[in-house]
Each structure stands twice: as structure tokens, then as C-alpha cells.
Amino acid sequence: MYVELKNLNKRFGNFQASDNVGFGIEKGKLIGLLGPSGSGKTTILRLIAGLETPDSGDIFIDGQRVNDLPAAQRGIGFVFQNYALFRYMTVFDNIAFGLTVQKKDKAFIQNRVSELIRLIGLEGLEKRRPHQLSGGQKQRVAFARALAPNPHLLLLDEPFAAIDAKVRKELRTWLRETINKVGITSIFVTHDQEEAVEVADEIVITNKGRVEQIGIPVDIYRNPQTPFAAGFIGESITLSGYGDLHGFEAVSGFDRAVLRPEFVRVTKPQKEIYPHASQRGVIDEIFFRGSTLELRVNLAGQRLTAYQPLDGDAFAVGEEVSVLIYRLYLCNERDVLKVENRSIQGETAFFI
Amino acid sequence: MQAKTVERTLIAIGVAFIALMLILPLVTILVYALRQGWEPFMDAITNDYAIKALNLTLLATAITLIVNTGFGLFAAWTITKFRFRGKQVLTTLIDIPFSISPIIAGLVFIMVFGRIGWAYPFLDAWDIKIVFAVPGIVLATIFVTFPFVSRELIPLMQAQGNEEEEAAALMGARWFHIFRKVTFPHIKWGLMYGVILCTARALGEFGAVSVVSGHLRGKTNTLPLHVEILFNEFRLTAAFSVASILVIIAIVILILRNIVEYKLKQEES
Ligand SMILES: Nc1ncnc2c1ncn2[C@@H]1O[C@H](COP(=O)(O)OP(=O)(O)O)[C@@H](O)[C@H]1O
Ligand SMILES: [Mg+2]
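Here the protein sequences line up with chains A and B, keeping their order. Mapping of the first sequence onto the working numbering: position 53 corresponds to residue 53, and the numbering continues sequentially without gaps. Heads up, the working numbering is the position in the second sequence plus 352, with the first residue counted as 1.
Note that these hints are calculated values from the structure, not bench results. For clarity, every value in this text was computed on a predicted model and none was experimentally measured. Hints are not guaranteed to be accurate.
Restricting the straight-line Cα-Cα distance to at most 35 Å, the calculated cross-link-like pairs of lysine-lysine (DSBU-like) are [what the hints assert, rightly or not]:
| id | chain 1 | residue 1 | chain 2 | residue 2 |
| --- | --- | --- | --- | --- |
| 1 | B | LYS615 | A | LYS208 |
| 2 | A | LYS104 | B | LYS439 |
| 3 | B | LYS540 | A | LYS103 |
| 4 | B | LYS540 | A | LYS166 |
| 5 | A | LYS208 | B | LYS439 |
| 6 | A | LYS127 | A | LYS208 |
| 7 | B | LYS571 | B | LYS433 |
| 8 | B | LYS356 | A | LYS106 |
| 9 | B | LYS615 | A | LYS6 |
| 10 | A | LYS271 | A | LYS208 |
| 11 | B | LYS404 | B | LYS533 |
| 12 | A | LYS103 | B | LYS615 |
| 13 | B | LYS540 | A | LYS127 |
| 14 | B | LYS533 | A | LYS181 |
| 15 | A | LYS166 | A | LYS27 |
| 16 | A | LYS104 | B | LYS540 |
| 17 | B | LYS439 | A | LYS166 |
| 18 | A | LYS106 | A | LYS166 |
| 19 | A | LYS103 | B | LYS571 |
| 20 | A | LYS127 | B | LYS617 |
| 21 | A | LYS268 | B | LYS433 |
| 22 | B | LYS533 | A | LYS127 |
| 23 | A | LYS6 | B | LYS433 |
| 24 | A | LYS103 | A | LYS208 |
| 25 | B | LYS439 | A | LYS127 |
| 26 | A | LYS103 | B | LYS433 |
| 27 | A | LYS106 | B | LYS439 |
| 28 | A | LYS106 | A | LYS29 |
| 29 | B | LYS481 | A | LYS103 |
| 30 | A | LYS127 | B | LYS433 |
Simulated restraints on C-beta separations [unchecked claim]:
| id | chain 1 | residue 1 | chain 2 | residue 2 | range |
| --- | --- | --- | --- | --- | --- |
| 31 | A | ARG128 | B | ILE375 | 45 to 51 Å |
| 32 | B | LYS433 | A | GLN73 | 17 to 23 Å |
| 33 | A | GLN132 | B | GLY366 | 38 to 44 Å |
| 34 | B | PHE450 | A | LYS29 | 53 to 59 Å |
| 35 | B | LEU411 | A | ASP55 | 34 to 40 Å |
| 36 | A | ARG128 | B | VAL367 | 42 to 48 Å |
| 37 | B | ILE363 | A | GLN132 | 34 to 40 Å |
| 38 | B | THR443 | A | ASP255 | 48 to 54 Å |
| 39 | A | ALA162 | B | ALA602 | 45 to 51 Å |
| 40 | B | PHE450 | A | GLY124 | 25 to 31 Å |
Note that beta-carbon positions come from the ideal geometry of N, C-alpha and C, so glycine has one too.
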């Protein structure tokens, strides 16, 4: 493991911002810290960078315990949430700052900064001040500034949060590609699961200062290990009376179930394939979601969400339909149990 | 139509008030000063005591500026860049000189360093004079003006946050480098503004200084005190002549202040 956190704890007053945080990161990986706002993501980054001191626990980088190493000597590049560009310096001086501090010679600085400006595609804007740049450009400058002194580890705090939706996707891809090109181990923070899934090699899910789960996106998606992870990933809804659903039975110790829209199939009653596994519901509402339709189905008093492709059967509000649920994540306070619809077990159903 | 009338009336009241309360007195001072011609005026302001008073005022102001700029920077830095207990209390304490009468500030120094003060035996043993001497005047001036700089800086630095400094520190910059390259460019006009307000107040300080001065002509008389003495001796022309020095300095400061204010506004946009 290139970066390893062991039992990190950090309190602010009475608030436990990091609660026994521990995980490891392999060299060269891009890791996404994903969790709701206030779940302690920034605190973890600041602890790694040395901007905060943990109350207890150890931080290892490349096998070396860095707890007592000053922030500046940890070889870390940090991209702040609001970029924190030096507003009285030009783009060039911003990027050159770390090298100037290291007293590199002028020619070297000139070369390195030009190289980085090419990397971020801002040729010709060297003389601009931060307030003359767009959000995406600032983001790139902050990125280049962090990379300039050749850090071994790059930390990015919500790198896309302040950028409008259209540019965000583009920048995401750019960042992913650029980090691969540079080949630097990186951790980025986000509260947007789509972003995490799309960009990260591995995702660390945080909640209330704790790490809930770490794994590759597909794995976290398929096999959530904590109730929080099950509910946080995907567009989930929580059902209490899941034992009444056809094909499922109540399991003692699990009082609720998390259901994702992808696990629900709505068909016309006459096209029903698995009669024992399905049941009847009524369409409550239909929303157009661009590439799909979102259906709200009333199933014996419980409201489910399902997706329907635009070119599939057309439904009307109030229509009776057949509802098939493939899978549920049963939850209690601590555990998650993945259960498949038993009436279709053995048959292969498609899902992600 | 009606709004226009209201607007004009208000402007007229404002102008009249300022003319009556500010411009008229200032002009009066200059008129009185020059009433008997140029020579008495020059005599009054080149008088030995007047020059000594001016020098003392400038000395006290200079020391005050150095001390209060240093203190103001330090206090603002501490309050905005660190987390610690009692921060709120410290912020409130800094404002004390604004909320108590200068006379009381002067009396405090008498009670501490004067003949009846608790520090007197110690000072006496070392032959240090504070009250009724120059150090007392300097101390009183510092006391009365010390919030000006920090008051200007704290909101500015709070708005800036710590992240730029943290970014610089992460790249290995030393604190002085950070201060010079990151913090200072942000606060320089605010600092200048605070310094100018502080200068204006220090030059004109009367109350606290009057208490600790002892009015020893040529020794512990500042310019405002000198004016008062001349006035009490019914030497009106001389009093107004010396006062006009203060008026001219005040006008220069006012102009500087406006320039700095303009720069501050530019910086904000
Ligand atoms: N310097 C601080 N002082 C006090 N509380 C803090 C400080 N930094 C963070 N916190 C608290 O810790 C919690 C977690 O913060 P943070 O790590 O910033 O969460 P996230 O980045 O996931 O939104 C927040 O509720 C915040 O109020
Ligand atoms: Mg955060």
C-alpha cells in the first residue's frame, strides 16, 4: 500500500470528524472519497496533508510514518475546494510558486511552468490574474500549481463542485486522463456518486466520520456492505414491509429493504413472464427523464420507482401493471443481506 | 416630482449642516490665524515652544504608528488565522479604547504609573519617569489609537480565509514569505487606511494626553495642548495660528484617506 491510514481519530470540540478511519491506497491509483456533506471527507484529506493533526492513529506514505513530518515535507500536492489561487499573482506565478520556494533556477522554472501550462491547455493566459479566469480554468491552474513541485501524492477537494454542470463532465474526463498521463497517486473528494463512479479506480464511502466501505465502483454498487452504502449508492428507496413482496419473505433481524429502480421491471399484465414472482401494481405518476421514463408505481400501498425505456411499452397513469422485483438489499442497523427473488432463481435475469 | 423635492431638500440640509458645523469653523480658524497679517502668524508657528510641541506630537505619533501597526497586524493575524479559546474575548478587549473616554484612559496611567500608582515605587527606584513625561504621552496616544489598524484588518483577513496561506505553506513557504507574497498584497490598502485613521487620531489626541502630560511647556506639551494653553492665555491669534497647522495636516490626511479609500474600493471590485 502506498498510502495507509490506521485508526485515525480527529475531534473538533465535541464533534468527531474522523472516527477510526483506516484504509489503504495502491500506488498510481485514483481514489474517490464519496460521502454526504459533513461526513468528514475534507478532514481526511487535511489529515493526510498535515494541515490537521490527528488525535490518534497513524498515517503512512510510501512505508514512512509521516505523522510528525511537517506538511511541506510530505511531498503532497493539494487542490483546495475553492482553488485558493493566489489572487494577486499571475497564472504563471501561481504555478511557479512551489518551485520559487524551492529556489529552483529561473530557466528550470520557466521550462516546468511552460510544460504545465501546455498540459492544462492554457497557453497564452500566463499573465492573467485568477479573477480573469473561468471556473474551469481556475481549476486547471490549481491543478497545475499542485503538480509543479512534482508531488508523490495529489489530493483534490471537491474539484468539480464549483463548476457548472456542462463543463464539469468535460473537466472530469480531462482530469482522469491527465492524472493517468502524469501517473500520480491521487485522492479526490466528492459528494456526487456519478462523479465518483465515473472517475475513480476505487471508492471510499464515508459517513459520520467513519469509512463505510472501500472497493471498486462496480463492487460497491453490487455488494454494499453497510446499510448506509446500500442506500447511498444508486437511486434507492427504502421499504419497510418488504416481506409482502412476491418472491421475498421477511428475514428475522432485518427490518427494512433497500430497492433500486434498476431492480424493478414493469410490464403489461399480459406480458408477464414470471407470474409467481410478480404482482400487480398501479401507475401513479410518469416522468420524462430525457433518455428514459421514470415510473412511480403503487404496489399495495408501497411506492416504488422504476425505469422504462422510451421505446418500450407505453403506460398511462392509473393503468394496472405487472411488477417484478429482482433483488433487494435487506438492512438493519449494521448489516446488509443481498436477496434475489426466489421465484426466478436459477433463471438468468439481466441486471447490472 | 415629489421624490425629487425630497432628494433636493435632504441634500440641501446635508450641505448646510456640513458647512455650518465643519467648513465654517475650519475657515474661521484660518481667518483668525491670519487676521493680523502674515508676520504674527509666522511668529506664532515658528515660536520655540510651538516647534517643540510639534516635534513632540510628531514623535509620539511616529512611535504610536510603529507600535500600533505592529500590534494591529499581529492581533488581526492571530484572530483570523488561528483557532483558540477566548478569541471572542480578545476581539472585544481590543475595542476597549473605542468605548471608554480618553480622560479615563489618562487617569488609568496616572493610577498605575503616577505618584499614587502601584508601579511608582519600582519606577522611582529605577529613576524612570512616565507620567508627566514623554513616555506617558506616547503610552496614552498608543492606548487611545490601538484598535484602528486591527479593526480595519480583521474583516479583510476573515473574508480572505486561510486557504491561500495553507496552500503556500504546503509548498514549503516560510511564514514571512507567505506574509509578503500572499497576505500583505491582500491587506495593504486596508492597512494603509487603518494607519491613516490612526495617524489622524494620534496627532489630534487631547484628552488622555492632557491628563498625563503635566503641561510642561517645551517638555511635555503636544500641539493640541499648546493650542489650549495659548487660548487660555487669551493669545487668540497665536492659538489659531498653531491650530491651523493641525488643520492643514488634517486636510492632507483627508486627501490621503480618500485616495486609499478609492484604492480599497477598486480592489474589492
Ligand atoms: N476546523 C474545524 N472546526 C470545527 N469543526 C470542523 C472543522 N473542520 C471540520 N469541522 C466539522 O467536521 C465535520 C466534517 O467536516 P468535513 O471534513 O469538512 O466534511 P465534508 O468535507 O465531508 O463535507 C463538519 O460537520 C464540520 O462542521
Ligand atoms: Mg468538504
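Here is what the structure says about each hint:
Of the pairs offered as hints, the one joining LYS615 of chain B and LYS208 of chain A is violated, with about 46 Å between alpha carbons and a cut-off of 35 Å exceeded. As the CA atoms of LYS104 of chain A and LYS439 of chain B are separated by approximately 40 Å, the hinted pair breaks the 35 Å bound. For the hint pairing LYS540 of chain B with LYS103 of chain A, the CA-to-CA distance comes to about 26 Å; that is within 35 Å, so the pair holds. For the suggested pair LYS540 of chain B and LYS166 of chain A, the alpha carbons sit about 38 Å apart, so the restraint of at most 35 Å is broken.
Of the supplied pair hints, the one linking LYS208 of chain A and LYS439 of chain B holds, its CA atoms being roughly 28 Å apart against a limit of 35 Å. With a C-alpha separation of about 43 Å, the suggested pairing of LYS127 of chain A with LYS208 of chain A is violated against the 35 Å cut-off. Distance check on the hinted pair: LYS571 of chain B and LYS433 of chain B sit about 43 Å apart at the alpha-carbon level, beyond 35 Å; violated. Distance hint between LYS356 of chain B and LYS106 of chain A is unfulfilled; the C-alpha atoms sit about 63 Å from each other, more than 35 Å.
With a C-alpha separation of about 51 Å, the suggested pair LYS615 of chain B and LYS6 of chain A falls outside the 35 Å cut-off, and the hint is violated. The suggested pairing of LYS271 of chain A with LYS208 of chain A is violated, with an alpha-carbon distance near 45 Å, which exceeds 35 Å. For a cut-off of 35 Å, the pair hint linking LYS404 of chain B to LYS533 of chain B is broken: about 41 Å separates their Cα positions. For the hint linking LYS103 of chain A to LYS615 of chain B, the alpha-carbon distance of about 33 Å falls within 35 Å, and the restraint holds.
A C-alpha spacing of about 22 Å is found between LYS540 of chain B and LYS127 of chain A, which places the hinted pair at or below 35 Å, so the restraint holds. A threshold of 35 Å between alpha carbons decides the hint, and for LYS533 of chain B with LYS181 of chain A the separation of about 32 Å falls inside it, so the pair holds. Under the criterion of a C-alpha separation no larger than 35 Å, the hint pairing LYS166 of chain A with LYS27 of chain A is consistent with the structure, at around 31 Å. For the proposed pair LYS104 of chain A and LYS540 of chain B, the alpha carbon gap of about 28 Å is at most 35 Å, so the pair holds.
Of the supplied pair hints, the one linking LYS439 of chain B and LYS166 of chain A is violated, its CA atoms being roughly 43 Å apart against a limit of 35 Å. With a C-alpha separation of about 38 Å, the suggested pairing of LYS106 of chain A with LYS166 of chain A is violated against the 35 Å cut-off. Distance restraint check for LYS103 of chain A and LYS571 of chain B: the Cα-Cα separation of roughly 53 Å exceeds the 35 Å cut-off, and the hinted pair is therefore not satisfied. Of the pairs offered as hints, the one joining LYS127 of chain A and LYS617 of chain B holds, with about 23 Å between alpha carbons and a cut-off of 35 Å not exceeded.
Taking the CA atoms of LYS268 of chain A and LYS433 of chain B, the gap is about 64 Å. The hint is violated against a cut of 35 Å. Between the alpha carbons of LYS533 of chain B and LYS127 of chain A the distance comes to roughly 17 Å, so the proposed pair stays at or under 35 Å and holds. Taking the CA atoms of LYS6 of chain A and LYS433 of chain B, the gap is about 29 Å. The hint holds against a cut of 35 Å. Taking the CA atoms of LYS103 of chain A and LYS208 of chain A, the gap is about 42 Å. The hint is violated against a cut of 35 Å.
Note on LYS439 of chain B and LYS127 of chain A: the hinted pairing is violated, with a Cα-Cα distance of about 40 Å set against a maximum of 35 Å. Proposed proximity of LYS103 of chain A and LYS433 of chain B is supported: the alpha carbons are some 26 Å apart, at most 35 Å. Taken as a hint, the LYS106 of chain A and LYS439 of chain B pair is broken in the structure, with Cα atoms around 43 Å apart against an allowance of 35 Å. Under the criterion of a C-alpha separation no larger than 35 Å, the hint pairing LYS106 of chain A with LYS29 of chain A is consistent with the structure, at around 33 Å.
About 50 Å separates the Cα atoms of LYS481 of chain B and LYS103 of chain A, which puts this hinted pair outside 35 Å; it is violated. Between LYS127 of chain A and LYS433 of chain B the CA atoms are separated by roughly 29 Å; this keeps the pair inside 35 Å, and the hint holds. The supplied range of 45 to 51 Å is met by ARG128 of chain A and ILE375 of chain B, whose beta-carbon atoms lie about 46 Å from each other. The hinted window of 17 to 23 Å between LYS433 of chain B and GLN73 of chain A holds, with their beta carbons roughly 21 Å apart.
Between GLN132 of chain A and GLY366 of chain B, the C-beta spacing of about 39 Å keeps the proposed range 38 to 44 Å intact. Between PHE450 of chain B and LYS29 of chain A the CB atoms are about 56 Å apart, so this pair conforms to the stated range of 53 to 59 Å. Taken as a hint, the range 34 to 40 Å is violated for the pair LEU411 of chain B and ASP55 of chain A, whose Cβ atoms sit roughly 52 Å apart. Separation of ARG128 of chain A from VAL367 of chain B is about 45 Å and conforms to the stated range, judged on CB atoms against 42 to 48 Å.
Checked against the given bound of 34 to 40 Å, the beta carbons of ILE363 of chain B and GLN132 of chain A, roughly 39 Å apart, stay inside it. A beta carbon spacing of about 51 Å between THR443 of chain B and ASP255 of chain A agrees with the range 48 to 54 Å that was offered as a hint. Taking 45 to 51 Å as the suggested C-beta distance range, the pair ALA162 of chain A and ALA602 of chain B conforms, at roughly 46 Å. Checked against the hint of 25 to 31 Å, the C-beta distance between PHE450 of chain B and GLY124 of chain A comes to roughly 51 Å, which is inconsistent with it.
Hints 1, 2, 4, 6, 7, 8, 9, 10, 11, 17, 18, 19, 21, 24, 25, 27, 29, 35 and 40 from the earlier list are contradicted by this structure; the remaining hints agree with it.
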